[in-house]
Amino acid sequence: GAVVSQHPSRVICKSGTSVKIECRSLDFQATTMFWYRQFPKQSLMLMATSNEGSKATYEQGVEKDKFLINHASLTLSTLTVTSAHPEDSSFYICSASRLALGETQYFGPGTRLLVL
Amino acid sequence: DQQVKQNSPSLSVQEGRISILNCDYTNSMFDYFLWYKKYPAEGPTFLISISSIKDKNEDGRFTVFLNKSAKHLSLHIVPSQPGDSAVYFCAASRSGNTGKLIFGQGTTLQVKP
Numbered sequence: 001g002a003v004v005s006q007h008p009s010r011v012i013c014k015s016g017t018s019v020k021i022e023c024r025s026l027d028f029q030a031t032t033m034f035w036y037r038q039f040p041k042q043s044l045m046l047m048a049t050s051n052e053g054s055k056a057t058y059e060q061g062v063e064k065d066k067f068l069i070n071h072a073s074l075t076l077s078t079l080t081v082t083s084a085h086p087e088d089s090s091f092y093i094c095s096a097s098r099l100a101l102g103e104t105q106y107f108g109p110g111t112r113l114l115v116l
Numbered sequence: 001d002q003q004v005k006q007n008s009p010s011l012s013v014q015e016g017r018i019s020i021l022n023c024d025y026t027n028s029m030f031d032y033f034l035w036y037k038k039y040p041a042e043g044p045t046f047l048i049s050i051s052s053i054k055d056k057n058e059d060g061r062f063t064v065f066l067n068k069s070a071k072h073l074s075l076h077i078v079p080s081q082p083g084d085s086a087v088y089f090c091a092a093s094r095s096g097n098t099g100k101l102i103f104g105q106g107t108t109l110q111v112k113p
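For the protein sequence lines, the chains are A and B, in the order given. Going letter by letter, the first sequence gives residues 1 to 116 in my numbering. Going letter by letter, the second sequence gives residues 1 to 113 in my numbering.
Please keep in mind that the hints were generated in silico from the structure rather than gathered at the bench. Since the structure is predicted, the reported quantities are computational estimates derived from the model, not experimental observations. Where hints are given, some of them may not hold.
[What the hints assert, rightly or not] For each label pair, taking beta carbons as the anchor points, the in silico distance ranges come out as: (1) B:Ser51 x A:Arg10: 33 to 39 angstroms; (2) A:Pro8 x B:Gln110: 27 to 33 angstroms; (3) A:Asn70 x B:Ser8: 44 to 50 angstroms; (4) A:Leu116 x B:Ile53: 49 to 55 angstroms; (5) A:Gly61 x B:Asn67: 27 to 33 angstroms; (6) B:Ser28 x A:Pro86: 38 to 44 angstroms; (7) A:His7 x B:Gly60: 19 to 25 angstroms; (8) A:Pro8 x B:Lys54: 36 to 42 angstroms; (9) B:Ser12 x A:Gly16: 42 to 48 angstroms; (10) A:Val3 x B:Pro79: 42 to 48 angstroms; (11) A:His85 x B:Gln2: 48 to 54 angstroms; (12) B:Thr26 x A:Lys66: 46 to 52 angstroms; (13) A:Leu76 x B:Ser10: 36 to 42 angstroms; (14) A:Gly16 x B:Ser10: 35 to 41 angstroms.
Virtual Cβ for every residue (Gly too), placed ideally from N, Cα, C.
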């Protein structure tokens, strides 16, 4: 299957700071990337859908000004958590898909964010 | 509004036996269903999928059954192996295999040696 990486794998930051998480498709060009978050023992919740070169589509209840998504190339999407607060602590996972080929989503390993 | 539900948070089976993981959905517009396997602190790994035009799909030890009238799908693992121990998520999509995925809450499977 295709390989998707995320960086960093774990980050601890102070409340009020911003954190950037990168999602890369290593061996294919991803027309679409998705960002999810998962709280402990809960499901993966879709935050936003990101298409290369266009604005991200956010799910209801997700603040677009707080979670900035940039999909500047076919292999890289970034999620920036701005002015992070302890309640933003979560496991953030991205997935990538070559929608043009009708393939399923391939997930990254996730990023554990802890806001103190 | 939980459109995809996995009502059993955990399941324990003996090695070599069958594991049956269940998933129910409420949205009749879903036309594609997937199962993912996830280890702690890792991203989900795709296992198997099924289109709504089928009622069964098999891949090695994994078989997914879809009952559209009951809005129910299940994943069968035969025979179960200790390495299968993980959290299993079912997911559904409205746009074939290219749309956004709605995940269930997950079922933790433990396969005992």
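Going through the hints against the structure:
For Ser51 (chain B) paired with Arg10 (chain A), a C-beta distance near 37 angstroms keeps the hint of 33 to 39 angstroms intact. Separated by about 30 angstroms at the C-beta atoms, Pro8 (chain A) and Gln110 (chain B) satisfy the suggested range of 27 to 33 angstroms. At about 39 angstroms, the beta-carbon gap between Asn70 (chain A) and Ser8 (chain B) misses the expected band of 44 to 50 angstroms. Take Leu116 (chain A) and Ile53 (chain B): their Cβ atoms lie about 50 angstroms apart, and the range 49 to 55 angstroms holds.
Checked against the given bound of 27 to 33 angstroms, the beta carbons of Gly61 (chain A) and Asn67 (chain B), roughly 31 angstroms apart, stay inside it. Our hint of 38 to 44 angstroms for Ser28 (chain B) and Pro86 (chain A) holds, since their Cβ atoms are close to 39 angstroms apart. Between His7 (chain A) and Gly60 (chain B) the beta carbons are some 33 angstroms apart, a value that contradicts the proposed interval 19 to 25 angstroms. Separated by about 40 angstroms at the C-beta atoms, Pro8 (chain A) and Lys54 (chain B) satisfy the suggested range of 36 to 42 angstroms.
The hinted range of 42 to 48 angstroms is satisfied by Ser12 (chain B) and Gly16 (chain A), whose Cβ atoms lie roughly 44 angstroms apart. Evaluation of the 42 to 48 angstroms hint for Val3 (chain A) and Pro79 (chain B) yields a failure: the beta carbon distance comes to about 29 angstroms. Between His85 (chain A) and Gln2 (chain B) the CB atoms are about 26 angstroms apart, so this pair departs from the stated range of 48 to 54 angstroms. For Thr26 (chain B) and Lys66 (chain A), the Cβ-Cβ distance of about 29 angstroms falls outside the hinted range of 46 to 52 angstroms, so the restraint is violated.
A hinted range of 36 to 42 angstroms holds for the C-beta pair Leu76 (chain A) and Ser10 (chain B), which are about 37 angstroms apart. Between Gly16 (chain A) and Ser10 (chain B) the Cβ separation comes to about 38 angstroms, which falls inside the hinted range of 35 to 41 angstroms.
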